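Here the protein sequences come in this chain order: F and L.
Going by my numbering, the final residue of the first sequence carries number 541, and the count climbs one at a time with no gaps.
Going by my numbering, the final residue of the second sequence carries number 296, and the count climbs one at a time with no gaps.
It is worth saying that the hints were derived from the structure and are not from the lab.
Don't take every hint at face value.
[Stated by the list, open to error] Label-pair restraints from in silico Cβ distances: (1) L:V100 - F:Q462: 28 to 36 Å; (2) L:G239 - F:F68: 39 to 47 Å; (3) L:K153 - F:Q155: 45 to 53 Å; (4) F:W344 - L:W142: 57 to 65 Å; (5) F:H521 - L:N81: 16 to 24 Å; (6) L:I93 - F:L196: 37 to 45 Å; (7) F:I41 - L:K79: 53 to 61 Å.
[Unchecked claim] EDC-like cross-link-like pairs, simulated, lysine to aspartate or glutamate; straight-line CA separation at most 20 Å: (8) F:K24 - L:E76; (9) L:K265 - L:E76; (10) L:K79 - F:D526.
Please read all numbers here as calculations on a predicted model, not as lab measurements.
Backbone N, C-alpha and C fix where the C-beta goes; we use that ideal spot for every residue, glycine too.
Here is how the chains run, residue by residue.
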Amino acid sequence: MSHAETHSHDHDHDHKPKGFVKRWLMTTNHKDIGTLYLIFSLTMFIFGGALAMIIRLELFQPGLQFVQPEFFNQLTTMHALIMVFGAVMPAFVGFANWMIPIMIGAPDMALPRMNNWSFWILPFAFTMLASTFFMDGGAPAAGWTLYPPLVLQGGHNLAFAVFAIHMLGISSIMGAINVIATIMNMRAPNMGYLKMPLFVWTWLITAFLLIAVMPVFAGAVTMLLTDHYFGTSFFNAAGGGDPVLFQHIFWFFGHPEVYIMILPSFGIISEIIPTFARKPLFGYVSMVYATAGIAFLSFIVWAHHMFSVGMPLGGELFFMYATFLISIPTGVKVFNWVSTMWKGSMTFETPMLWSIAFIILFTIGGFSGLMLAIAPADFQYHDTYFVVAHFHYVLVTGAVFAIIGGVYYWIPKWTGNMYSERLGKIHFWWSVISVNVLFFPQHFLGLAGMPRRIPDYSVQFANWNMWSSIGGFAFGLAQIFFCIIVWRTIKGKGTSKATDRVWEGAKGLEWFIPSPAPHHTFQDGAPVNDEHLAHVSSH
Amino acid sequence: MSQTNTNNDQYYVPHLAKWPIVGSIGMTMTAVGAAIYMNNQFDSPIVMYLGFATLIFMMFGWFGEVIKESESSKYNPQVDTSFRMGMIWFIFSEVMFFASFFGALWYVRNMAVPWLGGEGTGLFTNTELWSGYEGVWPTNGPGNIGGKFELVDPFHLPLINTVLLMASSITLTIAHHALVDGARKKVIGWLIATVVLGATFLFFQVDEYIEAYQHLDLTLKSGIYGSTFFMLTGFHGMHVTLGAIMLTVITIRMMRGHFKPESHFGFEAVAWYWHFVDVVWLGLFIFVYII
């Protein structure tokens, strides 16, 4: 393959547009758009995190100290909306933009102008959403699930929240269409489907999930809008509707949505583990099937979020058993990662530390998920801190840990600079200890009966809440530290130049182009060198 | 598939997109304008209209740019495939949007309304809250929300509309075959016929709404029946309007000599879209009007 030579050669005149507006506002370059997504995601992560800090501050002690209950509800609602739609999802789209074209040997994303639009909707939508904090009645306060009738009783925020969600949906759908068209149409001539890196595979499947469920969410919030403003009766029993209808539609979107937030993490982890174990990924094909299996199951388990709402017994049973089934493909994945490490020649650089922590802590989140899936037990756990602990284990120590690990793994390729391994390891240990102090006690609180979404609580919960808050502040501070590490790496402060290969055991096309990756790669549409790929001979 | 690319025929990657940011501004103005108007924070929908105008301006600019690039043969077959995939998956997302409303209709008819009437687990809801309510479709609920109403007769205007839309799918297919055969005049004729059929459909649909509001007392506020009826047919009508505009655009493009017998993605995309709204109508005719 001649890419490395060709591109290091035209690295000096790689036609980056000059000026801020042309370079960033009008860009069609997948790498620049990826950077925009990642920076936006980090900004939202800090913003959403700040809201969480206020929540933990209020919960540090029983009683009302800092915020009023109404504002507390706005905090929990907006924290979730911002973290889900502003931090985690855009981070994955950022990774997709940066890595997918490089990983499959494509010159760019398939529809570059639309790619620009998918990103540039986001800052507008979130400005609109965040502006509700300053309106009469404040921000949405019915929880991120926006259940009627509560959500219909808020102030002016509903229209803004609904339209913001419409815009986020349009952005996600365009992003997903782009990913599908890129993967299916833009692979280098000899890049067969079963040669693709697993990150590409998981994103392909995620994109199908996005296209299937984001429009359903748009429909659900449209019904909220018309119920509130135009007198329809979708969720009004007096008119023949049903509030539970909203929950069904919402969770038909919502459950695939949580897999939208975890499948790309699986992809990132499946790239990192083989590199530092210096072994090919164990069970590559089974990983692909497991991902597809999880995606399929995600469509038939939604009502396990609603066990206590009053469903017919047959529904409870069906959704309980269907949910158990998910542990099979997920178990396949966990065992494959462990088997990849088995007898590997392991080293523990920062990305690997985050990945190992991901496997252990995500699995804990998976186990508490199994507990919640037991319908009769869920009547006890429902709407307690046990649920909060569960989904923060899968989303923070799952999705967010994978994102941070991915950033450490690929940032040398993005910036051309090696991050500081010492600071990276400090960040890891600081985070992994504090995050467990933050979320593990919430299991105990939930089992003891502490309800979620409340600003005040019975004194029996005081000790564990204090510990949880201490962990929360420490974890929040650690992420400010992360921002500093990222900033120093971009600026090349206290770092060394990254080599092209970056990691000794790394396989995959991205490690055979220069660091930083040139503005344009693989423009000739030529076949790629099979020897650079991670998955060729295994099947 | 990717194998169509060769070294001297590169995938066209545009540089410097100026339209997306215009689209974002237009979309935000539309949303904010609608929100402040609906909230009575502002007593005129002018911001929404301006935003909408910005969006239309963006579409003219953006699509115009793409058409120009296409007519100057910048796109190779691989680019064509990307566009096709884009359109197919866009239509699939639209299918899922309608699925949420059809799903709501199915749920209220088969679950919520019978439960309110005392079936299954709804026994106490019925006796305690809505005693005497029978839970039979069509209904505006036990609260008689919106007052007594009558139904649209499915075998009058809706049946005519069904025939019109089916016929328009046929005329569009004839136009497509003519395009492949290179008979351009014939294409334009059949396209105009398609647009006229679509416009007539919309005219009857408006007529039916007026009839419903003025004579049948069937409104958006007529409980769950009015909600599902007007939201489903309303969103479908909006899609037919959009499709008719798209058909008009490709008719004008035909008149200006665009499209080749072997390459006419824009035409096909509109045709797919039109068939999609046609199929949605069939679903509506059966599940909303007849059953």
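Do the hints match the structure? See the list:
1. L:V100 - F:Q462: 28 to 36 Å: violated, 51 Å
2. L:G239 - F:F68: 39 to 47 Å: The hinted range 39 to 47 Å holds for G239 (chain L) and F68 (chain F), with Cβ atoms some 46 Å apart.
3. L:K153 - F:Q155: 45 to 53 Å: Since the Cβ atoms of K153 (chain L) and Q155 (chain F) sit about 29 Å apart, the hinted range of 45 to 53 Å is violated.
4. F:W344 - L:W142: 57 to 65 Å: holds, 60 Å
5. F:H521 - L:N81: 16 to 24 Å: Since H521 (chain F) and N81 (chain L) have Cβ atoms about 22 Å apart, the given range 16 to 24 Å holds.
6. L:I93 - F:L196: 37 to 45 Å: Since the Cβ atoms of I93 (chain L) and L196 (chain F) sit about 23 Å apart, the hinted range of 37 to 45 Å is violated.
7. F:I41 - L:K79: 53 to 61 Å: violated, 32 Å
8. F:K24 - L:E76: Violated - the C-alpha atoms of E76 (chain L) and K24 (chain F) are around 26 Å apart, more than 20 Å.
9. L:K265 - L:E76: holds, 10 Å
10. L:K79 - F:D526: Judged against 20 Å, a Cα distance of about 16 Å means the pair holds.
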